[in-house]
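Keeping their order, the protein sequence lines are chains F and P.
Going left to right, the first sequence walks through residues 1 to 371 as the working numbering numbers them.
Going left to right, the second sequence walks through residues 1 to 371 as the working numbering numbers them.
For the record, the hints were derived by calculation from the structure and aren't laboratory data.
Hints may be right or wrong, so weigh each one.
Identical copies look the same in the list; a pair holds intra-copy or inter-copy alike.
Below, in silico cross-link-like pairs of lysine-lysine (DSS-like), each with a Cα-Cα straight-line distance of 25 Å or less [what the hints assert, rightly or not]: (1) K265 x K8; (2) K65 x K8; (3) K174 x K224; (4) K233 x K95; (5) K236 x K95; (6) K233 x K167; (7) K8 x K31; (8) K342 x K236; (9) K236 x K147; (10) K138 x K332; (11) K329 x K147; (12) K277 x K95; (13) K239 x K225; (14) K224 x K138.
There are 2 protein chains.
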Amino acid sequence: MTKETALKRTHHDFINLMPLQTGGILTDAAKEALVEFGDGYSVCDFCQGVLCQITNPPIADFVSKSLPEFLGCDVATITYGARDAKFMVMHSLMKPGDSIVVDGNRHYSTIVAAERAGLNVIEVPNSGPPEFWIDVNKYIPLIEQHKPEAMLLTYPDGNYGNLPDAKRLGEIAKEYDTPYILNGAYSVGRLPVNMDELGADFIVGSGHKSMASAAPSGVLGMRKKWENIVLRKSAKYPKKDIELIGCTLRGTVMATLIASFPYVKERVNHWDEQVQKAQWFSSELEKLGFQQMGEKPHRHDLIYFESPSLYDISKHIRERGYFLYRELKGRKIWGPQPGLTKHFKISTFAASRDELAFVIDSFKDIINKYG
Amino acid sequence: MTKETALKRTHHDFINLMPLQTGGILTDAAKEALVEFGDGYSVCDFCQGVLCQITNPPIADFVSKSLPEFLGCDVATITYGARDAKFMVMHSLMKPGDSIVVDGNRHYSTIVAAERAGLNVIEVPNSGPPEFWIDVNKYIPLIEQHKPEAMLLTYPDGNYGNLPDAKRLGEIAKEYDTPYILNGAYSVGRLPVNMDELGADFIVGSGHKSMASAAPSGVLGMRKKWENIVLRKSAKYPKKDIELIGCTLRGTVMATLIASFPYVKERVNHWDEQVQKAQWFSSELEKLGFQQMGEKPHRHDLIYFESPSLYDISKHIRERGYFLYRELKGRKIWGPQPGLTKHFKISTFAASRDELAFVIDSFKDIINKYG
Numbered sequence: 001m002t003k004e005t006a007l008k009r010t011h012h013d014f015i016n017l018m019p020l021q022t023g024g025i026l027t028d029a030a031k032e033a034l035v036e037f038g039d040g041y042s043v044c045d046f047c048q049g050v051l052c053q054i055t056n057p058p059i060a061d062f063v064s065k066s067l068p069e070f071l072g073c074d075v076a077t078i079t080y081g082a083r084d085a086k087f088m089v090m091h092s093l094m095k096p097g098d099s100i101v102v103d104g105n106r107h108y109s110t111i112v113a114a115e116r117a118g119l120n121v122i123e124v125p126n127s128g129p130p131e132f133w134i135d136v137n138k139y140i141p142l143i144e145q146h147k148p149e150a151m152l153l154t155y156p157d158g159n160y161g162n163l164p165d166a167k168r169l170g171e172i173a174k175e176y177d178t179p180y181i182l183n184g185a186y187s188v189g190r191l192p193v194n195m196d197e198l199g200a201d202f203i204v205g206s207g208h209k210s211m212a213s214a215a216p217s218g219v220l221g222m223r224k225k226w227e228n229i230v231l232r233k234s235a236k237y238p239k240k241d242i243e244l245i246g247c248t249l250r251g252t253v254m255a256t257l258i259a260s261f262p263y264v265k266e267r268v269n270h271w272d273e274q275v276q277k278a279q280w281f282s283s284e285l286e287k288l289g290f291q292q293m294g295e296k297p298h299r300h301d302l303i304y305f306e307s308p309s310l311y312d313i314s315k316h317i318r319e320r321g322y323f324l325y326r327e328l329k330g331r332k333i334w335g336p337q338p339g340l341t342k343h344f345k346i347s348t349f350a351a352s353r354d355e356l357a358f359v360i361d362s363f364k365d366i367i368n369k370y371g
Numbered sequence: 001m002t003k004e005t006a007l008k009r010t011h012h013d014f015i016n017l018m019p020l021q022t023g024g025i026l027t028d029a030a031k032e033a034l035v036e037f038g039d040g041y042s043v044c045d046f047c048q049g050v051l052c053q054i055t056n057p058p059i060a061d062f063v064s065k066s067l068p069e070f071l072g073c074d075v076a077t078i079t080y081g082a083r084d085a086k087f088m089v090m091h092s093l094m095k096p097g098d099s100i101v102v103d104g105n106r107h108y109s110t111i112v113a114a115e116r117a118g119l120n121v122i123e124v125p126n127s128g129p130p131e132f133w134i135d136v137n138k139y140i141p142l143i144e145q146h147k148p149e150a151m152l153l154t155y156p157d158g159n160y161g162n163l164p165d166a167k168r169l170g171e172i173a174k175e176y177d178t179p180y181i182l183n184g185a186y187s188v189g190r191l192p193v194n195m196d197e198l199g200a201d202f203i204v205g206s207g208h209k210s211m212a213s214a215a216p217s218g219v220l221g222m223r224k225k226w227e228n229i230v231l232r233k234s235a236k237y238p239k240k241d242i243e244l245i246g247c248t249l250r251g252t253v254m255a256t257l258i259a260s261f262p263y264v265k266e267r268v269n270h271w272d273e274q275v276q277k278a279q280w281f282s283s284e285l286e287k288l289g290f291q292q293m294g295e296k297p298h299r300h301d302l303i304y305f306e307s308p309s310l311y312d313i314s315k316h317i318r319e320r321g322y323f324l325y326r327e328l329k330g331r332k333i334w335g336p337q338p339g340l341t342k343h344f345k346i347s348t349f350a351a352s353r354d355e356l357a358f359v360i361d362s363f364k365d366i367i368n369k370y371g
């Protein structure tokens with residue numbers, strides 16, 4: 001067997017705390033769909049020319065009914081991921097040299113998507129440590145100064161798991177008549193989020209980050225008024241979306257998105273339990289001397305900790321920061337980035353209370369062992 | 001079980017002749033990898049910030065060594081598919097209003113990608129029926145007249161399976177100093193194709209169409225001189241590709257591409273057998289009164305037939321053109337688009353000679369039954 005064909009992951013049965021991964025673990029239904037539609041282009045068996053109108057598998061129903069209802073928007077479509085949805089909107093609404101105001105906690109892909117679209121990016125700074133809070137009222141002076149063609153808010157951000165006041169920004173967007181993109185890569189599929197209620201013009205979600213789907217996959221919802229701009233059709237091929245270059249998820253990732261959807265739709269109703277779990281976990285780790293950064297009390301499973309005690313240990317041992325990764329791996333815990341000890345990010349979304357209790361005990365043991 | 005979770009294909013064991021699907025059927029290794037890396041973002045377990053530099057799974061080796069060697073190019077990267085690769089190149093090299101000369105047999109996505117990039121498209125007409133041949137020398141007057149910023153050739157096209165003289169166009173590209181994009185969605189992974197030998201600047205391939213991979217997936221190769229333009233990095237995030245918005249195939253489709261690669265690399269060496277099979281199949285169907293369109297003798301597994309005898313039958317029965325689909329389905333043959341009888345496209349790539357003999361006999365039976 002060659003190197004290429006021996007493609008294995010060694011931590012399937014680990015407790016997964018990796019922020020990128022906890023919301024994208026497949027359901028059993030998605031695992032079945034993944035295999036069923038594994039061969040390239042197999043969701044296109046009965047295609048009549050438009051991916052989003054395929055009825056078998058039921059893509060059309062999912063895109064035209066389930067998704068708009070779930071996202072609280074008028075019109076939805078499918079993308080390769082949140083970053084691609086952001087670029088689609090930027091590229092449709094704006095031209096090179098135009099300006100966009102974004103939160104300082106934005107994902108790097110917001111900046112790179114804007115660069116690809118040739119935009120001028122203005123950032124609303126966060127409040128700095130320890131909360132790194134985005135006060136959305138700070139968009140106002142920047143809107144007045146720069147007259148941006150659009151604005152974007154990350155809800156929550158992927159570093160601190162802060163949930164800024166998206167609804168207040170909706171009011172500001174209305175007052176200043178500025179199109180408002182909500183990046184819900186870490187909210188859509190985890191917690192209830194409704195574009196219309198928040199007053200946004202666009203909502204972006206990630207299948208692999210938060211909708212229990214394989215990668216790459218994403219969703220984009222919008223108000224009806226933007227449909228003819230973002231979902232404009234080709235002059236020569238009137239059924240084909242220009243921004244999607246015809247079709248996007250023409251394969252098995254599409255099937256996983258649909259297969260997991262009933263579960264995802266249900267799980268957002270249990271978000272309060274997720275928040276309680278995250279808060280409890282955070283308070284327990286703080287008892288060990290770690291300091292939780294970001295909003296407090298915390299309202300999301302993404303949590304950022306400063307951990308000076310672990311960093312102190314790393315300075316005195318030969319393998320430096322990797323000791324933490326090795327110790328956690330030995331306990332079948334997967335998450336903090338290998339080598340990091342000064343601070344780390346984790347997500348409590350996929351782990352049970354019992355598993356998290358074991359994680360807390362493990363941190364205790366590790367500190368005691370080296371401390 | 002809800003409709004969404006009952007996602008099944010009913011023709012797994014059929015003889016597959018569907019042009020979109022025959023080159024994208026997964027290998028056993030790819031099926032395993034698909035499941036292994038099914039959870040969203042699981043190829044990113046050990047990511048240090050750049051998808052194409054991940055060493056476990058061995059993405060870095062695949063992208064920086066295996067692919068350039070296979071494609072005959074200096075530098076390669078991964079894309080969501082051939083259409084996305086075409087857009088990347090167009091968007092990097094050209095600005096709205098610029099011109100591109102393309103062959104008249106180009107895929108619709110070439111036109112839509114160019115529309116997305118705001119380009120003026122000039123088409124080199126084909127010779128019309130029955131051959132629909134693209135004479136690449138006809139690019140010359142259009143290049144002289146329009147001074148295009150780039151040109152593109154589809155090799156082969158997806159309708160007739162014609163393989164135009166890509167090497168001659170390489171000479172023309174050199175003579176007129178015009179960047180040359182070769183769309184190999186139906187060649188890369190099926191037959192030996194070498195960008196450098198053909199004199200192209202870019203080569204585009206499709207994972208799900210021709211590299212035994214799940215969708216969406218694709219590859220892009222280029223000459224070194226274009227690396228700093230097409231693979232330019234973000235000013236703010238110097239490791240991140242602008243045109244890839246950081247990363248593309250951050251999931252299990254990437255794993256299928258790698259897992260199938262040893263097989264794909266080997267199978268292109270047997271292309272002459274594929275051509276012989278296609279020619280034999282074509283001549284047998286012509287004996288039944290069908291007429292093969294496109295190049296003759298045919299040099300690709302994609303074949304377009306006109307079938308007036310089937311169309312005549314369809315005019316006299318209640319279910320019209322669907323009788324053919326039903327008859328073939330009853331014989332476990334999957335391919336021609338439901339409803340079509342006047343003409344149809346098929347691919348002989350995935351079927352054995354015995355299976356194709358059964359297909360030929362089936363067409364005979366159907367004609368006799370209704371004729």
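Against the structure, the hints:
1. With identical chains, the CA atoms of K265 and K8 are at most 25 Å apart between copies only, with a shortest distance of 21 Å across copies and 31 Å within one.
2. Taking the closest pair of Cα atoms, K65 and K8 come within 25 Å of each other only across two copies (21 Å); inside a single copy the shortest separation is 38 Å, beyond that limit.
3. Proximity of K174 and K224 under a CA criterion of 25 Å is satisfied intra-copy only: 16 Å inside one chain copy versus 48 Å between copies.
4. For the identical chains of this complex, K233 and K95 are neighbours both inside a copy (18 Å) and across copies (20 Å), given an alpha-carbon limit of 25 Å.
5. Proximity of K236 to K95 under the C-alpha cut-off of 25 Å is found in both arrangements, the shortest distances being 23 Å within a copy and 20 Å between copies.
6. For a Cα distance limit of 25 Å, the shortest separation of K233 from K167 qualifies neither inside one copy, at 32 Å, nor across copies, at 35 Å.
7. Proximity of K8 to K31 under the C-alpha cut-off of 25 Å is found in both arrangements, the shortest distances being 17 Å within a copy and 12 Å between copies.
8. In this homomeric assembly, K342 and K236 come within 25 Å of each other (Cα to Cα) only across copies, at 24 Å, whereas the closest approach inside a single copy is 56 Å.
9. Proximity of K236 and K147 under a CA criterion of 25 Å is satisfied inter-copy only: 23 Å between copies versus 35 Å inside one chain copy.
10. Proximity of K138 to K332 under the C-alpha cut-off of 25 Å is found in neither arrangement, the shortest distances being 43 Å within a copy and 64 Å between copies.
11. Within a single copy, K329 and K147 get their C-alpha atoms no closer than 50 Å, and across copies no closer than 60 Å, so neither meets the 25 Å cut-off.
12. Taking CA atoms no more than 25 Å apart as the test, K277 paired with K95 passes in neither setting, with 44 Å inside one copy and 51 Å between copies.
13. Only within a single protomer do K239 and K225 lie at most 25 Å apart by alpha-carbon distance; the minimum there is 19 Å, versus 37 Å between protomers.
14. Proximity of K224 and K138 under a CA criterion of 25 Å is satisfied in neither setting, with 28 Å inside one chain copy and 45 Å between copies.
When the structure is compared with the earlier hints, violations turn up for hints 6, 10, 11, 12 and 14 and for no others.
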